[in-house]
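Visitor: These are the residues of each chain, in order.
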Amino acid sequence: NAGVTQTPKFRVLKTGQSMTLLCAQDMNHEYMYWYRQDPGMGLRLIHYSVGEGTTAKGEVPDGYNVSRLKKQNFLLGLESAAPSQTSVYFCASCYGGSTDTQYFGPGTRLTVL
Amino acid sequence: AQSVTQLGSHVSVSEGALVLLRCNYSSSVPPYLFWYVQYPNQGLQLLLKYTSAATLVKGINGFEAEFKKSETSFHLTKPSAHMSDAAEYFCAVSADTDKLIFGTGTRLQVFP
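Here the protein sequences come in this chain order: P and H. Numbers 1450 to 1562, taken from the numbering used here, label the letters of the first sequence in order. Numbers 385 to 496, taken from the numbering used here, label the letters of the second sequence in order.
Just so you know, these hints were derived from the structure itself, not from any lab. Even glycine gets a Cβ: it sits at the ideal position worked out from N, Cα and C. Be careful, since some hints might not be right.
[Claimed, not checked] Simulated coverage check for chain P against chain H, where a stretch passes if three residues somewhere in it have a Cβ under 8 Å from a Cβ of chain H: (1) 1463-1469; (2) 1488-1496; (3) 1499-1512; (4) 1541-1549.
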């Protein structure tokens, strides 16, 4: 039982490049979330999903896209990376929405030059 | 709209001293409240959560929090700090049925 895993752990991009971050969970959770963590700003929700095939915008969705084609996977895409997207990205999942404990992955540290 | 405020971005205590991390919330409906902890270079993990069953909630590692509706607070305490408690702590409130709103975090330092 691996819990929530994130790939890759580190990445450096040049401005304008694209990439996809993968989140996988093996707990059969319905809900999955992508957050970014920046110093002094806590965790901010980028996008989330309430089940396979669904996605919804969070607090800071601009510049990101997501897909949830399979229940266990939640992909976060950056089509044209900008330095402002330099951050640590966390994926989380849970079964029952906002009343339930969220389980977090170890994070992806992204630097955009 | 729901929101959460953590007072103090940094808190320093001596080993063995009381730990008090403050969290105030705003919610138009009865809230679910959480405290998460983040150790260096790791993801967040749940310390404890309030789900309206009891106002005093006990969590892992000796932490507890008390829900005070009149003060809209959910402060986190631990009677005696340990060096291993050094971490960043996040308070969160349920925003709706689907997601949480996290505070900006409080970094706890513990000095020997």
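Visitor: Could you work out which earlier hints the structure fails to respect and list their numbers in ascending sequence?
Guide: When the structure is compared with the hints, only number 1 turns out to be violated.
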